[in-house]
Amino acid sequence: MVKHTLDQKLAILSDAAKYDASCASSGSTRRHSRDGKGLGSNEGSGICHAYTPDGRCISLLKILMTNFCIYDCSYCINRVSSNVARARFTVEEVVRLTVEFYRRNYIEGLFLSSGVIRSPDATMSDMVQIARKLRHDENFRGYIHLKTIPDAAPELIAEAGLLADRLSINVELPTDAAVQQYAPEKKPEQIRKAMADVRLRKDAGRDKSFSGKRPPRFAPAGQSTQMIIGADGSNDATVLGQSTRLYSSYKLKRVYYSAFSPIPDSSSKLPLIRPPLQREHRLYQADWLLRFYDFQLDEITSVTQDGNLDLEIDPKLAWALVHREMFPLDVNRASREMLLRVPGFGVKTVNRILATRRYRTLRYEDLLRIGASMKKARVFITAGGWSPRGLIDSADLRARFTPPPEQLVLL
Amino acid sequence: MHHANIPSIGAASAWRKDARRFLSAGVPPDQILWGDYASSPDLFTTQTKLAPRGQVSVPQSFVTLAQTVVWHSDPERFARLYAFLWRLKDDPHLMSDRGDTDLSRLRQMERNVRRCQHKMKAFVRFREIGTSHTGRRSFAAWFEPTHNTVEPTADFFVRRFSDMDWRILTPDVSAIFENGTLSFQEGHLKPDLPEDAGEQLWITYFRNIFNPARLKVKAMQSEMPKKYWENMPEAAAIPDMIAGAPARARSMAEAAPTLPPARMSQVQAQLSNCNSAWDGPREALPAAISACTRCPLHRTATQAVAGEGPSNAALMIVGEQPGDDEDLCGHPFVGPAGKVFDAIASEVGLNRSDAYVTNAVKHFKFTARGRRRIHQRPVSSEIDHCRGWLDAEIDQINPKLILAMGASATESLTGSGKDILSRRGGVETSRSGLPVLITLHPSYLLRVSDPKARLRSHALFREDLSKAVGFLT
Numbered sequence: 337m338v339k340h341t342l343d344q345k346l347a348i349l350s351d352a353a354k355y356d357a358s359c360a361s362s363g364s365t366r367r368h369s370r371d372g373k374g375l376g377s378n379e380g381s382g383i384c385h386a387y388t389p390d391g392r393c394i395s396l397l398k399i400l401m402t403n404f405c406i407y408d409c410s411y412c413i414n415r416v417s418s419n420v421a422r423a424r425f426t427v428e429e430v431v432r433l434t435v436e437f438y439r440r441n442y443i444e445g446l447f448l449s450s451g452v453i454r455s456p457d458a459t460m461s462d463m464v465q466i467a468r469k470l471r472h473d474e475n476f477r478g479y480i481h482l483k484t485i486p487d488a489a490p491e492l493i494a495e496a497g498l499l500a501d502r503l504s505i506n507v508e509l510p511t512d513a514a515v516q517q518y519a520p521e522k523k524p525e526q527i528r529k530a531m532a533d534v535r536l537r538k539d540a541g542r543d544k545s546f547s548g549k550r551p552p553r554f555a556p557a558g559q560s561t562q563m564i565i566g567a568d569g570s571n572d573a574t575v576l577g578q579s580t581r582l583y584s585s586y587k588l589k590r591v592y593y594s595a596f597s598p599i600p601d602s603s604s605k606l607p608l609i610r611p612p613l614q615r616e617h618r619l620y621q622a623d624w625l626l627r628f629y630d631f632q633l634d635e636i637t638s639v640t641q642d643g644n645l646d647l648e649i650d651p652k653l654a655w656a657l658v659h660r661e662m663f664p665l666d667v668n669r670a671s672r673e674m675l676l677r678v679p680g681f682g683v684k685t686v687n688r689i690l691a692t693r694r695y696r697t698l699r700y701e702d703l704l705r706i707g708a709s710m711k712k713a714r715v716f717i718t719a720g721g722w723s724p725r726g727l728i729d730s731a732d733l734r735a736r737f738t739p740p741p742e743q744l745v746l747l
Numbered sequence: 241m242h243h244a245n246i247p248s249i250g251a252a253s254a255w256r257k258d259a260r261r262f263l264s265a266g267v268p269p270d271q272i273l274w275g276d277y278a279s280s281p282d283l284f285t286t287q288t289k290l291a292p293r294g295q296v297s298v299p300q301s302f303v304t305l306a307q308t309v310v311w312h313s314d315p316e317r318f319a320r321l322y323a324f325l326w327r328l329k330d331d332p333h334l335m336s337d338r339g340d341t342d343l344s345r346l347r348q349m350e351r352n353v354r355r356c357q358h359k360m361k362a363f364v365r366f367r368e369i370g371t372s373h374t375g376r377r378s379f380a381a382w383f384e385p386t387h388n389t390v391e392p393t394a395d396f397f398v399r400r401f402s403d404m405d406w407r408i409l410t411p412d413v414s415a416i417f418e419n420g421t422l423s424f425q426e427g428h429l430k431p432d433l434p435e436d437a438g439e440q441l442w443i444t445y446f447r448n449i450f451n452p453a454r455l456k457v458k459a460m461q462s463e464m465p466k467k468y469w470e471n472m473p474e475a476a477a478i479p480d481m482i483a484g485a486p487a488r489a490r491s492m493a494e495a496a497p498t499l500p501p502a503r504m505s506q507v508q509a510q511l512s513n514c515n516s517a518w519d520g521p522r523e524a525l526p527a528a529i530s531a532c533t534r535c536p537l538h539r540t541a542t543q544a545v546a547g548e549g550p551s552n553a554a555l556m557i558v559g560e561q562p563g564d565d566e567d568l569c570g571h572p573f574v575g576p577a578g579k580v581f582d583a584i585a586s587e588v589g590l591n592r593s594d595a596y597v598t599n600a601v602k603h604f605k606f607t608a609r610g611r612r613r614i615h616q617r618p619v620s621s622e623i624d625h626c627r628g629w630l631d632a633e634i635d636q637i638n639p640k641l642i643l644a645m646g647a648s649a650t651e652s653l654t655g656s657g658k659d660i661l662s663r664r665g666g667v668e669t670s671r672s673g674l675p676v677l678i679t680l681h682p683s684y685l686l687r688v689s690d691p692k693a694r695l696r697s698h699a700l701f702r703e704d705l706s707k708a709v710g711f712l713t
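Protein chains in written order, with my numbering: chain E, 337 to 747; chain R, 241 to 713.
Source of the hints: derived by calculation from the structure; they are not laboratory data.
Note that the structure is a prediction, hence the values are computed from the model and not measured.
Treat the hints with care, as some may be off.
[As the list claims (entries may be wrong)] Mimicking DSS-like on lysine-lysine, the simulated pairs with C-alpha atoms at most 30 Å apart in a straight line are:
id: 1; chain 1: E; residue 1: Lys711; chain 2: R; residue 2: Lys456
id: 2; chain 1: R; residue 1: Lys579; chain 2: E; residue 2: Lys538
id: 3; chain 1: E; residue 1: Lys712; chain 2: R; residue 2: Lys458
id: 4; chain 1: R; residue 1: Lys466; chain 2: E; residue 2: Lys711
id: 5; chain 1: E; residue 1: Lys544; chain 2: R; residue 2: Lys579
id: 6; chain 1: E; residue 1: Lys373; chain 2: R; residue 2: Lys361
id: 7; chain 1: E; residue 1: Lys587; chain 2: R; residue 2: Lys579
id: 8; chain 1: E; residue 1: Lys711; chain 2: E; residue 2: Lys684
id: 9; chain 1: E; residue 1: Lys549; chain 2: R; residue 2: Lys579
id: 10; chain 1: R; residue 1: Lys466; chain 2: E; residue 2: Lys684
id: 11; chain 1: R; residue 1: Lys458; chain 2: R; residue 2: Lys361
id: 12; chain 1: E; residue 1: Lys684; chain 2: R; residue 2: Lys467
id: 13; chain 1: E; residue 1: Lys469; chain 2: R; residue 2: Lys361
id: 14; chain 1: E; residue 1: Lys589; chain 2: R; residue 2: Lys361
id: 15; chain 1: R; residue 1: Lys456; chain 2: E; residue 2: Lys712
id: 16; chain 1: E; residue 1: Lys605; chain 2: R; residue 2: Lys456
id: 17; chain 1: R; residue 1: Lys361; chain 2: E; residue 2: Lys684
id: 18; chain 1: E; residue 1: Lys587; chain 2: E; residue 2: Lys523
id: 19; chain 1: E; residue 1: Lys684; chain 2: R; residue 2: Lys456
[Unchecked claim] Residues from chain R shown here face chain E by an in silico Cβ test under 8 Å; the list is partial:
id: 20; residue: Phe366
id: 21; residue: Arg400
id: 22; residue: Gly420
id: 23; residue: Glu474
id: 24; residue: Ala493
id: 25; residue: Thr498
id: 26; residue: Gln510
id: 27; residue: Leu568
Cβ coordinates follow ideal geometry from the N, Cα and C atoms, glycine included.
The following block holds chain R by itself, in its conformation from the complex (with noise of 0.2 Å):
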């Protein structure tokens, strides 16, 4: 029989060591007692030397399960690990079994100490001692953890209260950091601790955040169970909050609605004044633009995208709608359609800030699919709707041709959307009498899977281009 004796502080490097040292020896898990520092030694046991017998290696999974399960409290938790452990060895599948029996029981005790863990971060509560001889604020708590999470939690505190000292005292282990140095010490008793001014206005705050008219207490008691009450200063409050809590909503709910006070209409009178960013454009069409209702589309878009450009351009160049960064940004032709059509442009001489730039629709419209807005083509009622916009656009610019990108943009124009692929590359006359030259929608372009397709689509837009360009010249 051999005996492992595992020390309360440094318990996880302790029972690692030794279970290497067991498990490289080949020693079966019936062959251990293993103690913690709560057992005394067993007589009748003797401490052997232990051949190692080569390497031995586990999932790294396993590892971190370990480090975790050893300051579970129950008396069992090293046996169990090191039981795990052996049939491990010949099968590092059992890692991810999550039906096996001592895998979840392993992973519940796991979880138990995690929990006790995350408690311990949360209800820990300091209360400032004094000022150290060295200048730095003091500060202690007392605490009574389930499991022997002190030291595992420790550097959690390390992590976020360097600049001052501080101790957590509990009945088994207590952690103390002073002058940026953490140590740990065996258990204390229950400290008296000096009033701290802090804890009434944080017993005045937890009073105050309480709504009374949705009482919910067992969702509190689920997360904050009763045994940290005791060393939780605000906790003593709850019953009162508690019992109070029907009469105030009686109270709300009874109380006559009360006449404004005087000075409102002088506050409100400040309203006016404000002038906000984002409050939009001030001439009178692109105004009138954004604040359009005529369909539905300005219900679930973020704005409307108005044209832009000189208003002396010769060439108007409309698009479908705006896309989605369109719509974030409130310029047309901002998104990926756009950059393929300066790229284009670009080649063929046209310089799109020399044009004036709009959509046929002004909204954005599309489906939400989870975190992702998918484009949706409008229908021939949202067109028309929009038309009158377009119409204004045209009149105030009144340009020599106007460039219809896709079937949305010439059934605006022309009347009809139809054939495209069969009308591109002709100029049309639009209702007002404008000649309208009809091309894709370079969205279309970015759509073509097909490298072939794609090269020749790239090359009509480019030939419809220059046709606008020579056109125009």
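Just chain E, same shape as in the assembly (with noise of 0.2 Å):
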């Protein structure tokens, strides 16, 4: 084999490790190193410290240990069958490249991921060796996410855990008929029991002993998981639904939506297409509705015939041109449920808009010093000194809101 250099290592190693789309390095634990015994800090919300073109940013060194891997997952680039170059960092090599781009504040962190080689319990054995090198040896008080081997040693995953802020497993696909199809190695049950297990011991982590003594907290910024958009036939309600189960049965922190994008060397079993970077979006803009605006699924899915999402215009516009009848609303009356459900309205703006008509009335110009994006909102409100009339009813609604039409570009 090759002997590849450092800078050689590196290339093949981020090169194979982006299509996961995680980078977040908020909501762990508060800590520093004022004491000047140790390197970093972690301040709660996450810092990007750069980005690439693609608009992505980067917060961690997003690295795979090896691309070496004996699975044969048809999505991804270090499949068995797949003539990618290989490489593998050693232990030391991934704790050097770690601390000395902290130190040059390039990064909040690693994210470290791997192809499997020998067995699973081998690979995260190495997985949790780099973690505990930093955090011991080099006391390292910066952000970790290790992305865990499924079939791994529940005692792997407890010691993960301690030394990490955040745990990943990748649910790879929105169904299970679909990971079966497309990730032969892969069992979804396996996957589930994982994910089971790390909210378990987090969930144990929390708890106080009689003496009031807390535990050492368990994976503190919880656990993450990815779904690749696109690759299979699964509809928009599929994945939503996929990911409501995920967030209620394992109390994920994120799931993540990754476009399936070409690959170097990709397999037959996959179409080459552009990636649908719309569709990926608009199922953000609906996770986040159903996780902090109150939505329910089946109100979000149910606007289209076909379960998916309406990819010209945003899920909560798409559901308020359906429900017309229950706008507009008027901002200095109505519930905060309601005020949520305007399009335009964030949370932060209905925060402002409920903290604000405590003492008077709110007139159009105030919601814009608010932050409101009028743009959207003024069809669907009513306020002082302002009223859509018959805006809401006028035919041609849909036709404001959407792009103008564009030049199809080939691939």
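With the hints as a guide, bring both chains together as one complex.
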């Protein structure tokens, strides 16, 4: 085998890691190294240290420990049947890269994933060793996200959770059938069991003992997962149904949707398509509505016939256009629940409206200053000095919000 | 006319001190000229002594706001803050009026400073410049912030990098951290920092983590505006990455699928040797139950929960279905209902570990509502599909008595789940001819909200359990 330099390895193993969407570094315990004995801090909110031209942020050093893999998942660049260049970092190399990048303020921490080599347990124990070295030898107090190998032994997951801020296990595809088809070696029920295990350990870490002592926190930034969108035939209702189940069952912090994107040396089993970026975007919007706006799944997915979200307008607007009888709302009287349903109003806007209207009547200009997106919202509300009159019932209302037609481009 | 000159280092406390002085002396905003380090003192002003007229207090939220806004680059910032403070003195509610013009302007300035601080935390790039005489590694960065954010943001770098020496040099105020002490200096010229080997690796990473198939240049620029690019080593690679992206994406699409490498079968052979702790039970019946796909419930539940207990148990206890906790950990009756059962069973001398405990339906049925799973009662077809497993368990255990708890278990065992409240306490015969004692489901005891009714239902359940104990002895 060719001996790679560190630079070449980094090129291969970061190229192999880019299909993982998650780069969050937020929501963990606050800590710092003001004592001068360690390196790094965590402030609660994440920091994006750079952005690449694909619009994604770089918060963590996102690399694979190795891209050798014994699995053959069709959508994955690292599957065993692919002919990409292979490389493997040593434990020391990953630790050194993380610490040196961190000292130069390039990153918030490490997101370590890996292809499965030898066995799931062997791979996972190497990953845990990297985290252990960072935490114990280097006194690293930055963020660590470990991608858990679903089949790895529970003891390894237990140690990983104590060292890392976040654990994640990818469900990969929206349905069990699709996983069986495209990732034949992965078992959906094992993935679910592993996620349940992480949740139970996290719950147990929250309970105080009789002496009032808290056990060490397990994966304080929670667990997340990723689903590939557009590789199989599932519609958005299926995708969102799966994610609501995951949120409620395993208390996930996030479900990431990753538009299936062409990979070098792709498998013949999957069509090479332009990644459905708009669909991915709409799914994230719908995910937010489900989690923070009190929408129910069927409210969002019943708007269209085929169970897919409207690509031209956002899901909240799509819902509002179908339920025009509920509008216009008077911003000075409407309940919080209803205000959250106004297109163009976010959670912050609604909170500000509620705080201000305790003292006085809100006018149209106030809403602009509060930060509402009035281009959308004005049709659906009345405020001091503003009424949409017949606008809400006009036949071409939808056309006002859809983007102008665009010429198609070739992939 | 009064004059207040705020220094560039320590502006927050200086402004606060002056504002407090003016406000307590009742000086209106139009009587004060606020100047910063950039403006020279006005010749026609007088520095008069002010007599304080008592304490002033303002909402804490204003203090927080002011401590951020003072770092804005707007020359009017001190005056704007004081003018608003003057209004706030008579009307403390003003702080929660998000529609107020002055406040919304200040909030916007606060946002500008916050964003600038955030971008400074993100985009400062250190280069290693050697080792200090005390043996600490030294790093330096050149940065050009939009607002005066070095002083309020420096503590972030102290919290993060206190085991090394560092300096962040800017045209206005520079922060220097040496041997654990932070100090500020007036501006610097752009220094010539030495090359850093780490930078090349960083650029390699930046180039390779980029996915050319999903170009979104606008999204990048809105978060990383071009004004920062000059001091970020990786930004030099961006134009080249954008230009090459379409061709790279196209070549991926056009490349014909290749044949798998020769080592594939050899590598995959390793898989068969891997034993996983998650593989589940090995005995035939539990293994078959956990692989069950007879009804759609298996798609949403985590796992099938088979029965547990000694194989020679005289008593078999059948519940409805696994709940939230049981579904996660894979054992029957560990959740709240299981605890109620245990509590009452121990009162009547029934030891659960002597009995075989199982459910009529092996998968958890629920609807997802936000962060919670709401239990749903299984329908007859689901109970029917699962009856095969329950019958197989009964065959294997061959108990003297079966305790059917709740409607679903009773339906599965006797064919009808109706009128549980009137049938409870009675012994009926199961389809396979074994005696079935019918009782309430312990989760029903948890649901009863009326205290009197709850006591009564507990008593009934206790009565049924002691009947079961009596039946067996």
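Hints, verified against the model:
Of the pairs offered as hints, the one joining E/Lys711 and R/Lys456 holds, with about 24 Å between alpha carbons and a cut-off of 30 Å not exceeded. The suggested pairing of R/Lys579 with E/Lys538 holds, with an alpha-carbon distance near 21 Å, which does not exceed 30 Å. For a cut-off of 30 Å, the pair hint linking E/Lys712 to R/Lys458 stands: about 22 Å separates their Cα positions. With a C-alpha separation of about 28 Å, the suggested pairing of R/Lys466 with E/Lys711 holds against the 30 Å cut-off.
About 19 Å separates the Cα atoms of E/Lys544 and R/Lys579, which keeps this hinted pair within 30 Å; it holds. Between E/Lys373 and R/Lys361, the direct Cα distance comes to roughly 21 Å. Compliance with the 30 Å bound is thereby established for this hinted pair. Proximity of E/Lys587 to R/Lys579 is assessed by CA-CA distance (about 23 Å); at most 30 Å being required, the pair is judged to hold. For a cut-off of 30 Å, the pair hint linking E/Lys711 to E/Lys684 stands: about 17 Å separates their Cα positions.
A C-alpha spacing of about 24 Å is found between E/Lys549 and R/Lys579, which places the hinted pair at or below 30 Å, so the restraint holds. For the hint pairing R/Lys466 with E/Lys684, the CA-to-CA distance comes to about 29 Å; that is within 30 Å, so the pair holds. Taking the CA atoms of R/Lys458 and R/Lys361, the gap is near 22 Å; set against the 30 Å cutoff, the hint holds. Taking the CA atoms of E/Lys684 and R/Lys467, the gap is about 29 Å. The hint holds against a cut of 30 Å.
Note on E/Lys469 and R/Lys361: the hinted pairing holds, with a Cα-Cα distance of about 26 Å set against a maximum of 30 Å. At most 30 Å may separate the alpha-carbon atoms for a hinted pair to count; E/Lys589 and R/Lys361 meet this at roughly 25 Å. Straight-line distance between C-alpha atoms of R/Lys456 and E/Lys712 comes to about 24 Å, which keeps the hinted pair within the 30 Å bound. Restraint check for E/Lys605 and R/Lys456: the C-alpha separation of about 27 Å stays at or below 30 Å, so the hint holds.
The straight-line distance between the Cα atoms of R/Lys361 and E/Lys684 is roughly 24 Å, inside the 30 Å bound, and the hint therefore holds. This hinted pair checks out: E/Lys587 and E/Lys523 have alpha carbons roughly 21 Å apart, not beyond 30 Å. The straight-line distance between the Cα atoms of E/Lys684 and R/Lys456 is roughly 27 Å, inside the 30 Å bound, and the hint therefore holds. Of the supplied interface hints, the one on R/Phe366 holds, with its beta-carbon coming within about 5 Å of a beta-carbon of chain E, less than 8 Å.
Interface hint status for R/Arg400: upheld, as the beta-carbon distance to the closest one in chain E is roughly 4 Å, under 8 Å. Proximity of R/Gly420 to chain E holds as hinted, the smallest CB-CB distance being about 6 Å (cut-off 8 Å). With a least beta-carbon distance of about 6 Å to chain E, the hint placing R/Glu474 at the interface is held under the 8 Å criterion. Because the closest C-beta pair between R/Ala493 and chain E is about 5 Å apart, less than 8 Å, the hint holds.
At a threshold of 8 Å, the smallest CB-CB gap from R/Thr498 to chain E is about 5 Å, leaving the interface hint in force. A distance limit of 8 Å between C-beta atoms decides the matter here; for R/Gln510 the minimum to chain E is near 5 Å, and the interface restraint holds. For R/Leu568, the shortest C-beta to C-beta distance to chain E is roughly 4 Å, which falls under 8 Å, so the interface hint holds.
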